[in-house]
Structure formats: C-alpha cells, structure tokens
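**Student:** Working from the sequences, and respecting the hints, build out all of it.
Number of protein chains: 2
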Amino acid sequence: MKKNNTLEEIAAGLLRSNTVLLFPHISMDGDAMGSSAALCAALRKAGKTAHVVVEEALPDMVAFLDKGYCTENPGLSARPDACVCVDCGEYRRFPKRKELFCSGALTVCIDHHKTTVPFLDLNRIDGNAAATAEIVYDLIPLLGVEIDAEIGTALYAGIVTDTGKFQYSNTSQKTHLIAAKLHAIGVPAAEISIMLYQNERMEKRRLESRILGDAELFAGGRAVISCITRKILEETGGRLDETDGVTEALRDIRGVELACLLKEKADRTIKVSLRSKRDFDVAAFSEENGGGGHARAAGFTAKGRSVEEVKALLMRELAERLP
Amino acid sequence: MKKNNTLEEIAAGLLRSNTVLLFPHISMDGDAMGSSAALCAALRKAGKTAHVVVEEALPDMVAFLDKGYCTENPGLSARPDACVCVDCGEYRRFPKRKELFCSGALTVCIDHHKTTVPFLDLNRIDGNAAATAEIVYDLIPLLGVEIDAEIGTALYAGIVTDTGKFQYSNTSQKTHLIAAKLHAIGVPAAEISIMLYQNERMEKRRLESRILGDAELFAGGRAVISCITRKILEETGGRLDETDGVTEALRDIRGVELACLLKEKADRTIKVSLRSKRDFDVAAFSEENGGGGHARAAGFTAKGRSVEEVKALLMRELAERLP
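In the order they appear, the protein sequences are chains A and B.
Residue numbering for the first sequence is 109 to 431, as defined by the numbering used here.
Residue numbering for the second sequence is 109 to 431, as defined by the numbering used here.
These aren't lab readings, by the way, just hints derived from the structure by calculation.
Some but not every residue of chain A turned toward chain B, in silico, with C-beta under 10 Å:
#1 Asp168
#2 Thr283
#3 Leu285
#4 Glu308
#5 Asp360
#6 Ile361
Where a beta carbon is used, it is the ideal one built from N, C-alpha and C, also for glycine.
**Tutor:** Quick look at the structure:
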C-alpha cells in the first residue's frame with residue numbers, strides 16, 4: 109500500500125537525485141505546464157540536470173512558459189535518478205512516456221486532483237490545493253532554492269488558470285497569500301494574463317459566435333444547449349479544442365443551471381460537455397453515460413448517433429432530471 | 109486649495125456625524141456599489157443613520173449587494189451631517205443628487221480614480237488603490253467596526269470587479285492580501301462570482317454572437333472592428349449597456365493591439381468604444397475626438413455620421429496610426 113508523503117520527504121528524494129525528469133499530463137494546461145516549469149527551473153538552480161518531458165506540441169496558451177525546459181527526448185546516457193509526474197496521478201495521463209517514466213530509479217507523484225491515490229515510490233497528493241503550483245510553491249524552498257521572478261511566473265500561471273482567475277471555489281486564503289507573495293517578488297501578473305488570455309485565434313471567435321447564436325434554452329430556461337457540427341467547424345475555421353470559455357458563457361446565462369455543448373468529432377462520435385452552476389451533478393450524469401469529471405464540469409462521448417439525435421435525447425432526458 | 113486627507117481624518121469626520129449619506133456614481137459598477145454598501149453597513153454598525161442615495165435603478169449585476177442600504181430619497185427631517193461621494197470625484201457623476209449632496213454639513217470624497225483632485229471638505233483620493241473598496245477596507249477599522257462577512261462581501265465585489273478578476277495591472281500585493289483576509293473571515297467568494305458574472309441575459313449572448321460574427325480585422329491584423337446598429341439590437345433583443353466583456357473578447361484576439369466597437373444609440377449618434385492590449389494610447393486618441401478614458405480603455409461619441417461612415421473613417425485613420 110503506497111502512502112502520501114510529506115513535502116520534506118519529496119524534497120529529500122529529489123535532493124538525493126542528480127537527473128530528474130518531470131512528466132506533466134497530456135493536453136497540458138496552465139497548471140501542468142506552470143508547475144513543471146517552476147519545478148524544473150528550481151531543480152536546475154539546485155544544480156540538478158532536469159527536463160520537462162512532453163509527448164505532444166505545447167498548447168499555444170502555455171508555450172511562453174517554456175524557457176528551455178521542455179523536450180520530447182531528454183537524451184540521457186543512463187536511467188534517470190528520479191521521474192516525477194506533475195499535476196496528474198495515472199499512467200494514462202502520460203501514455204507515450206510511461207516506459208521512460210518507469211525507468212526512473214525513484215518515481216514521484218505531485219498532484220492536487222482529489223481522485224488521485226498514492227501509486228509511486230513517493231507521493232504528495234493534496235486535494236485541498238487549488239493548483240499543483242501551490243504544492244510546488246511550498247516544495248521549492250525545501251530544495252534550498254529561492255523563488256525568483258521566472259519561477260514565480262510559472263507558478264502564477266498555474267494558479268491563475270486552475271482557479272479560473274481566482275473565481276472557482278477551490279480558491280482559498282492561501283491562494284491569495286501566494287499570489288500576494290508572487291506580486292511582491294516582481295512576477296509580471298498583468299503581462300502573464302495577456303499571454304494566457306489575450307492570444308485567441310480569430311477563428312475561435314467565429315466559432316464562439318456560432319455557438320452563442322445557435323444556443324437554445326430548454327427545461328423552462330433551466331438549461332441551454334448548442335452543437336458544433338463538422339460543417340460549423342469548416343465554415344468558421346475553428347477547432348474542437350477551442351471551446352474553453354464558451355461553454356461557461358452558456359452556463360452564465362441568467363436562470364440557467366446546466367449548459368450542454370455537443371461536439372461532432374472527426375470520427376463522427378459526439379463529445380458532450382456539461383457545465384452546471386450550483387446544484388446539478390454533471391459528474392454523476394456523465395458517469396451514467398460512460399464519462400466522468402467534476403460535479404460542475406464533466407462530459408461523455410456518445411457513439412452511433414447523429415448530433416441531432418443526441419441533442420433530442422439529451423434535451424428530453426435532462427428536462428426530466430432538472431428540478 | 110483643497111487637500112488630500114489621511115484616513116484618520118476621514119474617520120474622525122464621519123465619527124463626529126450622526127447622519128451620513130453616501131453617493132456612488134451613476135452607471136453604478138461593482139466598486140461603486142460594493143464600496144458604498146460596505147461603508148453604509150459599517151456606519152450603521154457604528155450607530156450612525158446611514159443610507160446610500162441613488163438616482164437610477166440598480167444595475168442587475170450589483171443589485172444583490174443592496175441589503176436595504178439604497179434609497180432614492182433618504183427622507184431626513186434635517187440636513188445630513190455628512191455627505192460622502194464614493195468611487196467618484198466630480199458633481200457630474202451624481203448630477204441629480206448634487207443639491208442633496210451639497211446640503212451636507214460636511215462633504216467628503218473617497219475615490220481611487222487618478223484624475224480626481226481634492227474638491228470637498230475632506231478628501232481621501234488614492235490613485236494607487238486598485239478599487240475604492242481597498243480604501244474603504246482600510247477605513248472601516250478606524251471607525252471602530254470589525255469587517256464581517258456582509259461588509260466583506262461588498263468589499264470583495266468591489267475589488268474583484270475593478271481588478272477584472274485580479275487580472276488588471278492595478279492589482280497589487282495588497283489587493284491579494286485583502287482578498288486573503290476576506291476569504292479568511294468567511295466571505296463567500298465563489299458565490300459572489302456567480303452573482304456577478306453568471307447572471308447574463310440570453311439576449312446579451314445573442315448580441316455577442318452578432319458582434320463576434322461581424323468582426324473584421326484591419327491594419328494588417330493589428331486591429332479589429334465591429335458595429336452594433338439599431339437593427340442588430342432589434343433582432344437580438346440586446347441592449348447597448350450589455351457590451352461589457354465582448355469588446356475585451358475582440359481585443360483578446362491574437363495579434364490584435366486595438367479593438368473598436370461602434371454602437372448606434374437611439375439618437376443616432378455613434379458611441380465608439382476602444383480597448384488596447386499593450387501600447388496604443390486609446391485615451392489620447394479619444395481625447396482628440398472629444399472623448400476620454402484610460403490608456404487601455406476609452407471612447408468618444410461621433411455625431412452627424414452613419415455607422416458605416418464612422419467605421420470607414422476610423423479604419424483609415426487607425427490603420428495609419430498603428431505601428
């Protein structure tokens with residue numbers, strides 16, 4: 109039975125290692141990238157050979173955080189002393205890198221997802237941390253490294269994205285105290301915000317226009333639904349990975365408790381993304397349909413049916429479920 | 109020559125008064141309402157007769173902050189001991205209430221706008237405060253009142269709105285330290301966020317859809333423009349006061365430095381709203397055209413020309429100006 113470790117034990121394990129590889133999850137977000145970049149910078153300041161190992165191109169949003177940390181192949185001549193999965197806690201979150209990961213003499217997990225259970229040599233899982241960056245913020249001083257503006261920039265990016273700009277319910281007193289400290293050491297918070305949030309493709313805006321324009325209220329205005337077909341993607345030039353923000357814009361309509369966005373994938377399966385405001389458990393509903401997620405943000409995939417069919421089924425089903 | 113006073117002097121003036129009226133600016137935003145509500149609650153806790161005097165209906169977004177503070181007519185039998193303008197520093201920001209305001213035995217200004225100059229008996233103007241709510245946060249303990257969850261809710265709403273969810277460059281270490289303190293005393297930050305930001309009319313989303321769908325890049329992609337005509341308002345059911353957020357969505361397009369939104373008003377004049385990302389001084393450009401504002405958010409009104417004419421003129425002029 110693996111156990112959760114203290115940050116001191118994690119720090120001791122890393123300090124004993126000379127080469128350390130960091131493994132953020134696929135579909136990297138601001139916290140996966142920010143936490144990994146910050147820890148990589150700190151390990152290098154502590155004299156270690158450290159890299160962030162990736163298996164796909166960096167998403168546009170977080171690419172600015174890579175100051176020479178990321179590589180698809182670290183090119184080590186021997187097995188790494190330590191391999192750390194960051195902001196994730198399952199092998200399927202870094203599938204193509206599993207073999208390299210498991211070659212580490214020491215394996216470590218640093219994560220804040222509530223569903224993660226200890227599964228490696230050392231594990232630091234804190235479901236109360238708003239972001240993995242909060243855990244890394246506490247870990248770095250234990251490596252004997254001071255948090256400078258570059259490390260702070262990566263940590264800030266992790267925190268601001270995983271808390272939805274400090275708006276989600278995971279945001280705590282501690283989150284703001286860390287943000288205050290990062291401001292104090294000169295982290296350029298406003299510029300980071302521009303890099304993260306003010307760099308959207310025009311095609312994304314065209315897609316958003318269609319999603320908002322096509323949206324339909326149902327269940328007496330308690331729910332809203334919109335669909336992205338292959339035709340809409342073709343006409344707007346938008347991509348299915350460019351729907352962050354717009355599902356929330358649907359949820360944020362007055363009186364709406366539940367927002368549904370249907371996305372027709374290239375293989376004609378339908379990805380259903382659900383967001384709720386206060387009460388409706390979209391994780392439970394998604395699990396019934398073979399998917400999963402969080403209580404307020406979850407989803408599942410529907411196969412063998414057209415967008416219109418899935419839409420009609422969903423509207424009927426959800427109209428009954430919504431109080 | 110009027111001078112800026114210390115918070116201690118402001119507190120002493122208020123503590124000498126028995127009836128205190130608070131005057132937030134017209135077109136009330138989260139900070140005007142939040143600061144006024146917080147100060148009103150604190151003055152009542154200090155045993156004063158206090159009201160927030162308004163001259164128009166409360167905007168939907170901030171109405172939840174009014175816990176019996178706001179009135180159009182305080183119905184006093186004698187002149188008020190003190191009148192305080194909150195989050196503004198000019199009579200034209202509370203035009204219909206000027207006479208009542210000036211009837212105060214003591215007049216006070218509490219504001220954070222950099223352009224405000226001391227003009228009343230007592231003035232506390234701090235251009236470095238991210239929100240007037242930051243100033244009120246420091247003032248309330250000097251009234252001998254402890255900040256409770258209700259006062260904290262109003263202060264938090266002021267801070268979160270005036271900092272753009274802690275993203276604008278006015279956000280400081282102090283801003284986050286205050287937010288941390290408010291979290292610690294039990295302010296329901298996530299629920300406040302729902303009340304402020306997740307309560308949009310469906311018609312607003314329809315209008316946004318049109319604005320985003322009609323947007324045109326120009327000046328080599330360095331600028332973007334979109335227009336709201338009377339016809340679009342009619343077709344979508346949207347209102348001209350429902351464009352918060354969408355001008356920023358235009359600005360946030362990759363490569364765009366400047367976003368222009370033209371709004372045809374009922375009297376056929378054209379309100380031009382401008383937002384810039386980093387460099388372009390929209391305040392200076394707006395002043396040349398008889399308007400004004402901040403360096404990154406400003407506007408002016410064009411008269412005697414159609415939307416299409418103003419659009420063509422602007423695109424030509426700005427294409428030359430943008431570096």
